[in-house]
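**Student:** The chain contents come next:
Protein chains: 4
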Amino acid sequence: MSESLKIGIIGLGRMGKIHLGNLCTKIMGVEVIAVMNPSQKGLAIAKRYNIPLTTTNVDVIFNHPNIDAVVICSPTDTHSDYVNRAAIAGKAIFCEKPLDLSLEKALHTLRIVKEAKAPLMMAFNQRLDPTFEEVKNKIMEGKVGQIHTIHIISRDPTPPPISFIKHSGGLFMDMTIHDFDMARHLVGKEVLEVFAKGYNLLDPEIGEAGDIDTGIILLTFENNITVTIENSRKAVYGYDQRIEVFGSLGMIQANNPLKTNTEFSDESGTHLPRNLDFFMDRYLVSYQREMEAFIDALKNKTPMPITGEDALHAMKVAIAANISVRENRPVKISEVE
Amino acid sequence: MSESLKIGIIGLGRMGKIHLGNLCTKIMGVEVIAVMNPSQKGLAIAKRYNIPLTTTNVDVIFNHPNIDAVVICSPTDTHSDYVNRAAIAGKAIFCEKPLDLSLEKALHTLRIVKEAKAPLMMAFNQRLDPTFEEVKNKIMEGKVGQIHTIHIISRDPTPPPISFIKHSGGLFMDMTIHDFDMARHLVGKEVLEVFAKGYNLLDPEIGEAGDIDTGIILLTFENNITVTIENSRKAVYGYDQRIEVFGSLGMIQANNPLKTNTEFSDESGTHLPRNLDFFMDRYLVSYQREMEAFIDALKNKTPMPITGEDALHAMKVAIAANISVRENRPVKISEVE
Amino acid sequence: MSESLKIGIIGLGRMGKIHLGNLCTKIMGVEVIAVMNPSQKGLAIAKRYNIPLTTTNVDVIFNHPNIDAVVICSPTDTHSDYVNRAAIAGKAIFCEKPLDLSLEKALHTLRIVKEAKAPLMMAFNQRLDPTFEEVKNKIMEGKVGQIHTIHIISRDPTPPPISFIKHSGGLFMDMTIHDFDMARHLVGKEVLEVFAKGYNLLDPEIGEAGDIDTGIILLTFENNITVTIENSRKAVYGYDQRIEVFGSLGMIQANNPLKTNTEFSDESGTHLPRNLDFFMDRYLVSYQREMEAFIDALKNKTPMPITGEDALHAMKVAIAANISVRENRPVKISEVE
Amino acid sequence: MSESLKIGIIGLGRMGKIHLGNLCTKIMGVEVIAVMNPSQKGLAIAKRYNIPLTTTNVDVIFNHPNIDAVVICSPTDTHSDYVNRAAIAGKAIFCEKPLDLSLEKALHTLRIVKEAKAPLMMAFNQRLDPTFEEVKNKIMEGKVGQIHTIHIISRDPTPPPISFIKHSGGLFMDMTIHDFDMARHLVGKEVLEVFAKGYNLLDPEIGEAGDIDTGIILLTFENNITVTIENSRKAVYGYDQRIEVFGSLGMIQANNPLKTNTEFSDESGTHLPRNLDFFMDRYLVSYQREMEAFIDALKNKTPMPITGEDALHAMKVAIAANISVRENRPVKISEVE
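Chains as they are written, first to last, in this note's numbering: chain A, 17 to 353; chain B, 17 to 353; chain C, 17 to 353; chain D, 17 to 353.
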């Protein structure tokens, strides 16, 4: 298989392992030839897939002449730097979100990527979830007609550790960013204005860490399309990810899969299982499909399906949402530059 | 309104009250001019609707020259006799099921009805339930294609009193009779053969009273269509009435309405309300619609939608089912004469 | 039945007929002794229920010494005047919403009602819908825990005639008013602030008539509870009335009943029937239950379950929402006086 | 990993590939050290997983001293022979169903397995499907109470090729065998009697090949438990696999997963996606879980969860069902020896 794409993976945490497994066993025409992880222990998993080269030194990846593309799954604060270096090294790049927490650094990185003409795909995996993709398809087929309103519900089963929250960039930048991207993706236009409410209704420690745990956001798009988003860091019934698109010709809803397809009926009524626990179960398929989409775009030399500009726009919406909460007023995206 | 149909109701028990209310307040072009009930107390309800004539003597109804039609809601053991007398008196007849527990008496009554050319409608109300009617409609529209199999589930929330069971004619004649009629109605052909299992799995007193509480029946129709029926006298989760029709082009299912359209989600999953309690809630609309159908047929001089022959066929199937349980063999309907 | 409450009904339009039927045939211990309708033709329906007195003159109702309570179902622009006169005449009052389109006139009427100590119930019937009532019950039982967010969807199947829209008071006052009341009812606290978007996305004639057809509203309550509302004058799939309450311990959702409980499966998937057509089917039961609640409160001399103050608060929210759309800013309810 | 179990796979058709992938990438503590496939071409897939030994000669597998367990996925007519040889060679055995089409040969094989004390697991994978497992769990937890009736629906999306049908052993032996096993598994007792109907309602070629395409079976178990099964070779709406268990304390239902979790509403109602296409999607997880269960039982030296006796019992029920169709009478399992 001399023509297979050669991949280097940076970071073998939770997402790195998923991408490693998918690239090695499910995706055709690629070869993972190197993996980097800062700890030796984390590299053990690579043995299972007979990866020829394992290293704790990220330079080995960037300097490797045979690597065509890098998959960046390292901590958030390394993303923009690694993207920069990969772009300069002439590699194609798949990068976990976010690009960076700083708009300035993100803009800088995008300039470097552009100059280097490096293909860059951002991992907004939810776009590749088959259920959400069907929502997009129905819109594209014209079945919904003109979109009037969209409602997105995104609730985690439980808040992350306070230590994570402190460096997460805040609810809007860390969690709602997926919903901002999804809203843009579904509408197919740009956000013009944001009005947002954010509260600390759960653990007071979250508030003390400077973050909120509950967000309600109203986005206004071109053509008077309105998207409302509801976020919570804690839904006791499990991970909750739903979308409803209402238009002139119909409505398309995306609902949650449950743990099993059973219904139990007793004296008190009928009982369905819990929602799936979290994103690792809910979006399993989307992780494979986003990687396939990346490889396909590389092989066919077509544009990346999810770009650095997408990441940048979502960031701006998050920043505007933070201003809106602080100042209790609708904020134009054009104010964020 | 001189041209309105004049109705006399016999029996103001549970069903009589329902028909009285529907005829007085919901159905156009009819007038209930007389009601009979053996006890004076039971007649009190008639005052609310200003019924001109109330009586404890059933002869008053049959002899009343202005009554066009009688609605027979008296106890089962009076049905065939009252139908006979009404027919001879030249009245149109709406009769609660069953016509009689004895095949011989039922045959006799049908001969009298036929000779008198009396319009007779039997109250298999489930045919007029909007959900079940939609099942029939989908079949008639050809959406299901050739019917291959039908599965009917009919479960009561709780067994009737032993005193009732003793005079009920048994599970198949009292309860499954609705399902036998529904099976014939949906298939649109005659039952050829019955294989049935019947057990006393609930209260042993039911067995001691000579009855079963659980029935599983396999009906074979012309064209190799098979209908399976499941009956129980006790579903702890409430009244359960479902139908599934499977055919060459599709499947149509009738499900249960629930008490409310709510879903509650907590740590243990998602919870739906109980089924409706029993037939009085589940079939409320069908009681009005069957009466409308009776009145419409009378006014338009069209054939009755559900006939004495329908009742007779369902009886024969019940009798064959009883033989099948006893002898553990498939029984041809032609054996029952 | 000398102790029965004596009722006079004013207006025999759509709602008047429903209340007449319910009072005459379904509610115990009341007697409709008079009905008023401006046209003689509209009074014909009263014959069916043997109403002793029919009149085209509303004074007859107010002056009738035996009438204990009036049910006001006349056009909107008569409501406050008739409530005033009924209160002064010493009658109890059941009044269809809205009390008035003018806040000033509504305040005036409430003062008169208060001085006269007249019991007044406003017909926010949706509170008495069994499905929505179950939502409220789950909240009151503590099953939802602290409420964090509520989402209300209310979509009509088709816009009303332009002639109606011109005198309706606008989308927020005519349609969203039910959702404003429901939000207050479910939260059990007062609205503090409104942010609203309103658009004319359907027939341009609606915009030319000065109204909107699509509304998205974000209400902020005490305790940082947020309610979002989505309204549209046209859902092609039928009447859409849903509520979702999300809290610290669980979530309770109210979904739509469908025309029948069938599911049809064919090559293209599984198909469910349409939603119910409109409020006349969807809220049928609630009309009976609100009247029962009125009669019960009168008989037991308990406070009215839905008051003039409730109507007033909902009006203020509607007025604030209109300001918010105009000025594109969050508006405090305290600004509306 | 010197203590890992060494596996040889026989046959790299559809199921062999699935087991290869699962054993190589998802299951801990095992090593596939050899694969056999009659064609060289079929062996190519093994390269992806770096399998040290590939062969077209099955003897290589049986004679290999280091292989602890074999996974038999070769054509049906080789199963009993290969199981015999693996048992004699001292290997543990995982075998796809059926053991054999001949009761005599199956009995002979089970004797050899018993003498050799070879661990043997039969691949009735549906028992390991999470949804069906939850059904079994609810029964074991006592939530259903005493089982009264079970209804199993099993419908393929499309009939297999006539060439396959000719050597399949017939509908009951090829397809219903899963349902017979599931019925025994859920009830936890033995079938006593079978009454079955079988028809050729689809393509006449199926009938000409001596098979049926539609089966309706009524199984009677100890304790008067009844299981009804509905089979069809063609459900136009996709693969249909459902179970309903009804008991004294409750009901547990297993429903179908759909292609996506979307609902689309338009003028004609609400539309859900198709069922999954076939067993490869529907039972994906169960293939991994059955292999895990096999490996776990080997490592922990516990009894195999699904045994040769299980396969034998299911075969007998299939044989009795065939007799029942032919003779139109209930057939005791004890008649089949």
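Hint data in this document are derived by calculation from the structure and do not stem from the laboratory.
Heads up, a few of these hints could be off.
No copy is singled out in the list; a pair is fine if it fits within one copy or between any two copies.
Unchecked claim - Taking lysine-lysine and the DSS-like style, the derived pairs with C-alpha atoms no more than 25 angstroms apart in a straight line are: (1) 275 with 159; (2) 152 with 250; (3) 130 with 152; (4) 42 with 130; (5) 205 with 250; (6) 159 with 63; (7) 152 with 133; (8) 33 with 63; (9) 205 with 33; (10) 63 with 42.
Since the model is a prediction, treat every value here as computed from it, not as a measurement.
**Student:** Now, for every hint given, state plainly whether the structure supports it.
**Tutor:** Hints, one by one, checked against the model:
1. For the identical chains of this complex, residue 275 and residue 159 are inter-copy neighbours only, at 18 angstroms across copies versus 30 angstroms inside a copy, given an alpha-carbon limit of 25 angstroms.
2. Taking the closest pair of Cα atoms, residue 152 and residue 250 come within 25 angstroms of each other only across two copies (22 angstroms); inside a single copy the shortest separation is 27 angstroms, beyond that limit.
3. Taking identical chains as interchangeable, the C-alpha atoms of residue 130 and residue 152 are never at most 25 angstroms apart, the minima being 28 angstroms within one chain and 55 angstroms between chains.
4. In this assembly of identical chains, the alpha carbons of residue 42 and residue 130 never lie at most 25 angstroms apart, being 31 angstroms within a copy and 39 angstroms across copies at closest.
5. Proximity of residue 205 to residue 250 under the C-alpha cut-off of 25 angstroms is restricted to the inter-copy arrangement: shortest distance 23 angstroms between copies versus 30 angstroms within a copy.
6. Taking identical chains as interchangeable, the C-alpha atoms of residue 159 and residue 63 are never at most 25 angstroms apart, the minima being 48 angstroms within one chain and 45 angstroms between chains.
7. For the identical chains of this complex, residue 152 and residue 133 are neighbours neither inside a copy (29 angstroms) nor across copies (57 angstroms), given an alpha-carbon limit of 25 angstroms.
8. Both within a single protomer and between protomers do residue 33 and residue 63 lie at most 25 angstroms apart by alpha-carbon distance, with minima of 12 angstroms and 22 angstroms respectively.
9. With identical chains, the CA atoms of residue 205 and residue 33 are never at most 25 angstroms apart, being 34 angstroms at best within one copy and 44 angstroms at best between copies.
10. Proximity of residue 63 to residue 42 under the C-alpha cut-off of 25 angstroms is found in both arrangements, the shortest distances being 17 angstroms within a copy and 14 angstroms between copies.
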